[in-house]
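S.K.: Starting from the structure of chain P, add chain B where the hints point.
These protein sequence lines are chains P and B, in that order. Everything in the first sequence is counted per my numbering, starting at 1 for the first residue and increasing by one. Everything in the second sequence is counted per my numbering, starting at 1 for the first residue and increasing by one.
It should be emphasised that the hints constitute simulated quantities derived from the structure, not laboratory data. As the structure is a computational prediction, the values presented were derived from the model and not from experiment. Glycine is no exception: its CB is placed at the ideal position from the N, C-alpha and C atoms. Treat the hints loosely; a few may be bogus.
[Claimed, not checked] If you only want the chain B side, here are some residues facing chain P, beta carbon under 8 Å, derived:
hint: 1; residue: G35
hint: 2; residue: P36
hint: 3; residue: D40
hint: 4; residue: R60
hint: 5; residue: L135
hint: 6; residue: E177
[Stated by the list, open to error] Covered stretches of chain P, as calculated for chain B (at least 3 residues, CB under 8 Å):
hint: 7; stretch: 30-42
hint: 8; stretch: 57-71
hint: 9; stretch: 92-101
hint: 10; stretch: 108-121
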Amino acid sequence: MEALRIESTHKTPRVILDPENGIFEFSGRSIPEDSVGFYTPIFAWLEEYSKQPLPVTHVRFDLEYFNTSSSKNILEVLKRLEAIHAAGHEVRVTWYYDEDDEDMEETGQDYQALLNLPIELSVKVQS
Amino acid sequence: MVATESELLHEPALSYAYPLYRNMLDNSVVFIYNGPITPDLIVDVLNLVEYRLEDSREDRRISKKLFNIMVESFTIGDDVERGGAVLLVRQLPYLYAVSVGRRVRGDSVYAIKSFIDWVNTCSSEELRDAYHHLLQGKATHSIPPHIGGVPSISILDLARKSHDFLHYNFEYLDDFESFFSLEARIRKNNS
Chain P
1 MEALRIESTH
11 KTPRVILDPE
21 NGIFEFSGRS
31 IPEDSVGFYT
41 PIFAWLEEYS
51 KQPLPVTHVR
61 FDLEYFNTSS
71 SKNILEVLKR
81 LEAIHAAGHE
91 VRVTWYYDED
101 DEDMEETGQD
111 YQALLNLPIE
121 LSVKVQS
Chain B
1 MVATESELLH
11 EPALSYAYPL
21 YRNMLDNSVV
31 FIYNGPITPD
41 LIVDVLNLVE
51 YRLEDSREDR
61 RISKKLFNIM
71 VESFTIGDDV
81 ERGGAVLLVR
91 QLPYLYAVSV
101 GRRVRGDSVY
111 AIKSFIDWVN
121 TCSSEELRDA
131 YHHLLQGKAT
141 HSIPPHIGGV
151 PSISILDLAR
161 KSHDFLHYNF
171 EYLDDFESFF
181 SLEARIRKNN
191 S
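Bound conformation, chain P alone:
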């Protein structure tokens, strides 16, 4: 299975879905013009990956800001990961947030509450 790599723009996140190493990353901003259009190929890729996932998948969310339209699509991404986890393949999600960004932390807590998936909230280390 081919990796999915989408480079970031000033309004869409960088997405790396690497099936060989089981490392997924979403970083940057998410305020796309067409949120569903942006995330649909990601959903399709995850459906394919779920047929033969690695024993452990690490997922990193390191987002700067996003709107509620993207929140819904991120929830859909997480639901697909939840299904992989429920099928017995470990999925470890880390949700990074800036220590000054209580809203991003709260969003991570929302996803923790809504999903049966291990989501670790982690403060970003300032460079």
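M.R.: Leaving out everything else, chain B in the frame of chain P:
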């Protein structure tokens, strides 16, 4: 096309500029925009506001919250077919106020008003529960996904992020439309 002498003598911008400037100053308006809202515009506006905040050495916690509230306010103003939307940021000594204004159908005024009134009575737990419902796309009998073209989840999101009452106003335009304004506030001592 060359302007006629008569046109040059009646340059309207000159008569509008000072009252506009004075009005912005009197109301502590640091940013105002009128027109269609696109993701590119959002990025440009955020960069501009970031520059101003750096200049005023605002607390990063407040800056982050202001940004997050602005991003969601844009969502309320986008997708407006006619006349675009108005966005406004006010900077007062003790708070920031982010306002968005747009046209809505006249027959949706009561529903929008009732929804915001209800949101303003909710505890943080009630807001969270309602937000979770809408985030999951679960229809509830009391909260449709959109009310008069305004996304309900965005209103809930603004209320959660601002930790304050949402302020609103409706201006009657004609029998079919009203102008809806919504303001979310960020208190600088917000904890």
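S.K.: To test your reading of the hints: which numbers does this structure violate?
M.R.: Structure breaks hints 1, 2, 6.
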